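A.B. asks: Listed below are the residues making up each chain.
Protein chains: 2
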Amino acid sequence: MSMTDPTTIAPSQTHSSANGPLLKQAMAARAKVIEATIDQLIPPTSGGDARLIDAMRYATLGGGKRLRGYLAMATASLFDVPDCQSARVAASVEMLHAYSLVHDDLPAMDDDDLRRGQPSTHRKFDEATAILAGDALQTKAFEILAEAETHESTTVRIALITAFAQASGAAGMVGGQMIDMEGEGRALPLEEVRHLHALKTGCLIRYSAEAGAILGQAKPELQQRLRSYGANIGAAFQIADDVLDATATAEELGKTAGKDEASGKSTYVALLGIDGARAEAERMAKSAIEDLAPFGEQADRLRDLAYYVIERRN
Amino acid sequence: MSMTDPTTIAPSQTHSSANGPLLKQAMAARAKVIEATIDQLIPPTSGGDARLIDAMRYATLGGGKRLRGYLAMATASLFDVPDCQSARVAASVEMLHAYSLVHDDLPAMDDDDLRRGQPSTHRKFDEATAILAGDALQTKAFEILAEAETHESTTVRIALITAFAQASGAAGMVGGQMIDMEGEGRALPLEEVRHLHALKTGCLIRYSAEAGAILGQAKPELQQRLRSYGANIGAAFQIADDVLDATATAEELGKTAGKDEASGKSTYVALLGIDGARAEAERMAKSAIEDLAPFGEQADRLRDLAYYVIERRN
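Just so you know, the protein sequences line up as chains A and B, in that order.
Residue 176 in the numbering used here sits at position 176 of the first sequence, and the numbers go up by one each step.
Residue 80 in the numbering used here sits at position 80 of the second sequence, and the numbers go up by one each step.
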C-alpha cells in the first residue's frame, strides 16, 4: 500500500466539478483498457459457436461509459493493485452489466430496440441468441473472477465472487429488476423507489467500488468507506438517470427518451419534481465525497466522478 | 479417504441392471436431501421479491430425477465427503440445470408449455419473470459454490467454480444450446450431433461426476476417471433421450413427445435408427462402467446408473 495513514491525511481540497476534463481523460483511458481486456477474454471465433460469441462481443464491446469498470479500476489503484488484475475485474462487471441490459431490452421485458444508439442485441441478432448470449456473459463474468490471473490469492477471488453474486442476484440487481417490473403502472412511495433502485442499479455500482478494495485487501474500515461511496454514487447515478430521461433527447441518450413517463413508472422525477430530484442527487454526490475522507489526492478522480454522475448529459 | 489402493482392487462384479431397485432407492434418498437443501438455500419470502423467489422455487423444487445432483453426491461419497457439503454442490448444479430449462422453454427458444408434467415457468408465471428467475438461479448456483459451507478450502471452491463455469458457459452448455438452435431444420452429420450433445447436456453431467472428485480432492488420475465416466454417462443419457422422444408417450415423459421429428431436429435416432441409437447408448454405458475400474463396490450404484440412463422410460 502506498497510502499514508488515513487518519493523519486531510481530504484533498483540489477537487471540484471544474476537474471534469481530467476525469473524462482518465475514464476514456480506462475504458480503452477495459475494452481491450474484454476483447481478449471473449476472442472472436469462426467455429460452431461463432454466432453466440459474436452476440456476446456485440453486447459488450459497443463502448459505453464503463462507469462500473472505471470504479473497480480506480478504487483498486488506491491500493496499488496492478492494472492487469483490476482490468479483469472491470471486464467481468461490465460483462455482467451487459448481460442485464441484453435481457432487460427483450420484448418480454422493457422491449427496447435501441441501446447506445445501436440496435439492441435481440434486434441485431434474434431473441433466442440474445437470451443465450446474456446467459453466457453472466457465466463468463464468474469464470474470470475465479481465474488465477485475477488475483494470486484464492481467498481474494472467493471474496470477489461472493460480493459479486450478492450484488447481482435475487437479493441485488435481478431482484430490483423484478420489483421494477411489478411496480410498473403503480404509484410507488419514495421509500420503495429508493429500495428498488438500491437493488436494481445500486448494488452493482456499489460492488464495483468495493471490488477495488477487495482486490487491494484493504482494511475493513476502508473497504466499508468504498462500499458506502459506491452506494451513494449508485443512488446519485440513478436519480440523474431519471432526470435525464425526463429532460434529454433520444439523440443525447442514444436510446428512447421519455419512456419512464410514458410507461407510468414511479421515478424520482415523478415523486420529487425535476428540481427536487436534482437536489437529492446532489446530496448523494456530497455524501459520496465525504466517504472518501480517509483517502488523499489519489482519490480526486473518484471525487470528480461524484459530480460527473449528476452532471452528465448521457 | 476410506478407499483401499485402487490398483489392487478388482472392480466389483455385483453390478447388473438387475440392481436397478437399489439405485432407485439411492436416487430417491439423495433427491430428498437435494430438494431439502434447495428449499433451505432459496427460502420462501413474503417480501418485495416474493414473486421472483416463488418462480425460482417453482423451477427448482418440482422434483425430477436429480441425475446431476445424484452424480455429484455419489461420486463425492467415494471420497468420504460429508453429505452436507456435497448436497450443496448438488443443489447448485440442479439450480443451474433448472435455469437452463426455464430459458430453454421460453417462446423464443423451444416454446414448451410443459415441463415434468407441469406448466413451464413462463406459463405458470410470465415470460419476464421466467427470464429473471433463470438469471437469478445461475447467480445463486455460483454463490453457493463460493460459500465456506461448501468446502473449507478456498482452493477447492475455486476449482469447483472454474469447472462449473466452463461446463455451463459458451464453451459448454450454452454453446451447445446455440448450436442446437442453429442446426434446427438442417441435417447435421453424426459427428456434429455428437459434438453438440457433448456440449449441450454432456458438459454439465460430466461436471457433476467430476465435482465429487474435486470436493474429495481426489488424485488427478481418479478425477480424470470420473470426468470420463461423466462424459460417457452424459452421451448415453442424451442418446437415450432421443430414443425416448421417438418411442415414449407424453404421459410417460411429462412433456411433449415426438417434438424432435416434428421440428426436423438431427437426432441420433434420425441418423442411426432406433436400434442403432440403442446400441450406441449401450456402448457408452459400457465405457462408463470401464471408467469405474479403479473403484471398488462403493461405486456399484454408479455402475447401476450406467444401465439406468439407457433403460429409463422417462
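Simulated from the structure, these hints should not be mistaken for laboratory data.
Errors might be hidden in some of the hints.
All copies of an identical chain are treated as equivalent in the list; a pair is satisfied when it fits inside any one copy or across any two copies.
[Unchecked claim] Pairs of lysine to aspartate or glutamate residues, derived as DMTMM-like cross-links and limited to a Cα-Cα distance of at most 25 Å, are as follows: (1) K32 with D80; (2) K265 with D126; (3) K124 with E182; (4) K219 with E152; (5) K265 with D39; (6) K265 with D49; (7) K265 with D80; (8) K265 with D54.
Values in this document were obtained by computation on a predicted structure and should not be read as measured data.
A.B. asks: Next step is simple, just say for each hint if it's right about the structure.
C.D. replies: Evaluated hints:
In this assembly of identical chains, the alpha carbons of K32 and D80 lie at most 25 Å apart only when taken from the same copy (20 Å versus 49 Å across copies). Taking the shortest Cα distances, K265 and D126 sit within 25 Å of each other only across copies (20 Å), while inside one copy they are farther apart (27 Å). In this assembly of identical chains, K124 and E182 lie within 25 Å of each other by CA distance solely across copies; the values are 16 Å between and 28 Å within a copy. Taking CA atoms no more than 25 Å apart as the test, K219 paired with E152 passes in both settings, with 18 Å inside one copy and 23 Å between copies.
Proximity of K265 and D39 under a CA criterion of 25 Å is satisfied in neither setting, with 36 Å inside one chain copy and 34 Å between copies. For the identical chains of this complex, K265 and D49 are inter-copy neighbours only, at 18 Å across copies versus 38 Å inside a copy, given an alpha-carbon limit of 25 Å. Proximity of K265 to D80 under the C-alpha cut-off of 25 Å is found in neither arrangement, the shortest distances being 42 Å within a copy and 54 Å between copies. Taking CA atoms no more than 25 Å apart as the test, K265 paired with D54 passes between copies only; the shortest distance there is 24 Å, against 33 Å inside one copy.
Violated hints, in rising order: 5, 7; the structure is consistent with all others.
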